[in-house]
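Trainee: Sequence:
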Amino acid sequence: DIGTALGAAVSVYKDVVGQRPEIVLEHPYYGPDYTNEEVGLELKKYKLNNFKRCNDIAKETAALIADNKTVGWFQGRMEFGPRALGGRSILGNPKNKDMKDIVNKSIKGREPWRPFAPSFLAEDYADYVKQPYNSPFMIIAFQAIEEKISDIASAAHVDNTVRVQSVRKEVAPRYWELINEFKKITGVPALLNTSFNVAGQPIVCTPRDAIMTFFGCGLDYLAIEDYLVWK
25 DIGTALGAAV
35 SVYKDVVGQR
45 PEIVLEHPYY
55 GPDYTNEEVG
65 LELKKYKLNN
75 FKRCNDIAKE
85 TAALIADNKT
95 VGWFQGRMEF
105 GPRALGGRSI
115 LGNPKNKDMK
125 DIVNKSIKGR
135 EPWRPFAPSF
145 LAEDYADYVK
155 QPYNSPFMII
165 AFQAIEEKIS
175 DIASAAHVDN
185 TVRVQSVRKE
195 VAPRYWELIN
205 EFKKITGVPA
215 LLNTSFNVAG
225 QPIVCTPRDA
235 IMTFFGCGLD
245 YLAIEDYLVW
255 K
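Number 255 marks the last residue of the sequence shown (my numbering); no jumps.
Where hints are given, some of them may not hold.
Listed next, the in silico EDC-like pairs over lysine to aspartate or glutamate satisfying Cα-Cα at most 20 angstroms (straight line) [unchecked claim]: (1) LYS119 to GLU171; (2) LYS93 to ASP244; (3) LYS208 to GLU147; (4) LYS119 to ASP175; (5) LYS193 to ASP148; (6) LYS193 to GLU84; (7) LYS172 to GLU147; (8) LYS154 to GLU170; (9) LYS207 to GLU171; (10) LYS69 to ASP233; (11) LYS93 to GLU205; (12) LYS121 to ASP244; (13) LYS193 to ASP57; (14) LYS154 to GLU171; (15) LYS255 to ASP244; (16) LYS69 to ASP57; (17) LYS121 to ASP183; (18) LYS255 to ASP91; (19) LYS71 to GLU201; (20) LYS193 to GLU50; (21) LYS71 to ASP233; (22) LYS83 to ASP250; (23) LYS193 to ASP80; (24) LYS76 to GLU62; (25) LYS76 to ASP233; (26) LYS93 to ASP122; (27) LYS255 to GLU84; (28) LYS76 to GLU61; (29) LYS83 to ASP183.
Distance ranges between label pairs, derived from CB positions [unchecked claim]: (30) VAL36 to ASP80: 42 to 52 angstroms; (31) VAL34 to GLY55: 19 to 29 angstroms; (32) LYS154 to LEU72: 38 to 48 angstroms; (33) ASP57 to LEU30: 15 to 25 angstroms; (34) LYS255 to ASP57: 23 to 33 angstroms; (35) GLN43 to LEU72: 45 to 55 angstroms; (36) TYR37 to PRO156: 14 to 24 angstroms; (37) THR185 to TRP254: 33 to 43 angstroms; (38) ILE47 to LYS193: 15 to 25 angstroms; (39) THR230 to LYS208: 30 to 40 angstroms; (40) THR230 to THR28: 23 to 33 angstroms.
Keep in mind that the hints were calculated from the coordinates and are not lab data.
No residue lacks a Cβ here, since even glycine has one placed at the ideal position from N, Cα and C.
Between the sequences and the hints, there should be enough to build the whole structure, so can you do that?
Mentor: So, in structure tokens, the structure goes:
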């Protein structure tokens, strides 16, 4: 739907100016963001006691994911476009071959054959795929290197292809830090990533959306700005 409006604008621009606009999209993070103060007020509104404010949310969350916990990750500006790219994501351990089924059944409520994708550190993804190419928007499928499949077992498709997001520190610093901390623990520079929503619902946008979705599905933790929430 958003693409239709943008396409109409580009068409008018071309008619008026005589050529298509030359725009390079560097990142997808054009949506709303929320402060820790706003998040804290929202948590207190629901009289929740099972949360804390963290000094290093990336480090604590990485340890949870390495321990095979699932996490709703709500950080910074929301993504614009068809993919969750570390702003409003559900994350899991890609090494755990059962994680795909856990997320599909207990969290997303969708068909078991539905695949996931890996978010990689931009510095490392070329070690995992054949013919690597910069892929910041998770729209390119690569053939995975067979010897590396076990590292990303739950984020690879049945044909051993992977739809990669390459994460650069200067573009998504907190998400990059999370993946890097996970790499320090496990040796794997990637996370299983899917959109932060359940079947039939849009991706979460606001802190209220995130809290309501978190408590309405099988997620283990919610990392929302500097706050960590559990059940």
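Trainee: Please go over all the hints and tell whether each is borne out by the structure.
Mentor: Consistency of the hints with the structure:
1. Of the pairs offered as hints, the one joining LYS119 and GLU171 holds, with about 13 angstroms between alpha carbons and a cut-off of 20 angstroms not exceeded.
2. Proximity of LYS93 to ASP244 is assessed by CA-CA distance (about 6 angstroms); at most 20 angstroms being required, the pair is judged to hold.
3. Note on LYS208 and GLU147: the hinted pairing holds, with a Cα-Cα distance of about 14 angstroms set against a maximum of 20 angstroms.
4. The suggested pairing of LYS119 with ASP175 holds, with an alpha-carbon distance near 5 angstroms, which does not exceed 20 angstroms.
5. Annotation: proposed proximity of LYS193 to ASP148 holds, straight-line Cα distance about 12 angstroms (limit 20 angstroms).
6. A hinted pair counts as satisfied when its Cα atoms are at most 20 angstroms apart, and LYS193 with GLU84 qualifies at roughly 18 angstroms.
7. This hinted pair checks out: LYS172 and GLU147 have alpha carbons roughly 16 angstroms apart, not beyond 20 angstroms.
8. With a C-alpha separation of about 10 angstroms, the suggested pair LYS154 and GLU170 falls inside the 20 angstroms cut-off, and the hint holds.
9. A C-alpha spacing of about 18 angstroms is found between LYS207 and GLU171, which places the hinted pair at or below 20 angstroms, so the restraint holds.
10. Taking the CA atoms of LYS69 and ASP233, the gap is near 13 angstroms; set against the 20 angstroms cutoff, the hint holds.
11. With a C-alpha separation of about 15 angstroms, the suggested pair LYS93 and GLU205 falls inside the 20 angstroms cut-off, and the hint holds.
12. The suggested pairing of LYS121 with ASP244 holds, with an alpha-carbon distance near 18 angstroms, which does not exceed 20 angstroms.
13. For the proposed pair LYS193 and ASP57, the alpha carbon gap of about 19 angstroms is at most 20 angstroms, so the pair holds.
14. Proposed proximity of LYS154 and GLU171 is supported: the alpha carbons are some 12 angstroms apart, at most 20 angstroms.
15. Between LYS255 and ASP244, the direct Cα distance comes to roughly 7 angstroms. Compliance with the 20 angstroms bound is thereby established for this hinted pair.
16. For the hint linking LYS69 to ASP57, the alpha-carbon distance of about 19 angstroms falls within 20 angstroms, and the restraint holds.
17. With a CA separation close to 15 angstroms, the supplied pair LYS121 and ASP183 stays within the 20 angstroms bound.
18. With a C-alpha separation of about 17 angstroms, the suggested pairing of LYS255 with ASP91 holds against the 20 angstroms cut-off.
19. With a C-alpha separation of about 31 angstroms, the suggested pair LYS71 and GLU201 falls outside the 20 angstroms cut-off, and the hint is violated.
20. Proximity of LYS193 to GLU50 is assessed by CA-CA distance (about 13 angstroms); at most 20 angstroms being required, the pair is judged to hold.
21. At most 20 angstroms may separate the alpha-carbon atoms for a hinted pair to count; LYS71 and ASP233 meet this at roughly 16 angstroms.
22. For the hint pairing LYS83 with ASP250, the CA-to-CA distance comes to about 11 angstroms; that is within 20 angstroms, so the pair holds.
23. For a cut-off of 20 angstroms, the pair hint linking LYS193 to ASP80 stands: about 16 angstroms separates their Cα positions.
24. Distance restraint check for LYS76 and GLU62: the Cα-Cα separation of roughly 15 angstroms lies within the 20 angstroms cut-off, and the hinted pair is therefore satisfied.
25. The hinted pair formed by LYS76 and ASP233 meets the criterion: a straight-line CA distance of about 19 angstroms does not exceed 20 angstroms.
26. Distance hint between LYS93 and ASP122 is fulfilled; the C-alpha atoms sit about 12 angstroms from each other, no more than 20 angstroms.
27. As the CA atoms of LYS255 and GLU84 are separated by approximately 16 angstroms, the hinted pair is consistent with the 20 angstroms bound.
28. Distance check on the hinted pair: LYS76 and GLU61 sit about 13 angstroms apart at the alpha-carbon level, within 20 angstroms; holds.
29. For the given pair, LYS83 sits about 33 angstroms from ASP183 by alpha-carbon distance, which is inconsistent with the 20 angstroms threshold.
30. At about 47 angstroms, the beta-carbon gap between VAL36 and ASP80 stays in the expected band of 42 to 52 angstroms.
31. Checking the proposed 19 to 29 angstroms range against VAL34 and GLY55 shows it holds: the Cβ atoms sit about 20 angstroms from each other.
32. For LYS154 and LEU72, the Cβ-Cβ distance of about 46 angstroms falls inside the hinted range of 38 to 48 angstroms, so the restraint holds.
33. Under the hint 15 to 25 angstroms, the C-beta atoms of ASP57 and LEU30, about 21 angstroms apart, fit the expected range.
34. In this structure the hint that LYS255 and ASP57 lie 23 to 33 angstroms apart at CB holds, the actual value being about 25 angstroms.
35. The supplied range of 45 to 55 angstroms is met by GLN43 and LEU72, whose beta-carbon atoms lie about 53 angstroms from each other.
36. About 34 angstroms separates the C-beta atoms of TYR37 and PRO156, a value inconsistent with the hinted range of 14 to 24 angstroms.
37. In this structure the supplied range 33 to 43 angstroms holds for THR185 paired with TRP254, their Cβ-Cβ distance being about 34 angstroms.
38. Between ILE47 and LYS193 the Cβ separation comes to about 23 angstroms, which falls inside the hinted range of 15 to 25 angstroms.
39. One distance hint, 30 to 40 angstroms for the beta-carbon pair THR230 and LYS208, holds here, with the actual separation near 32 angstroms.
40. As the Cβ distance of THR230 to THR28 is approximately 24 angstroms, the hint placing it in 23 to 33 angstroms holds.
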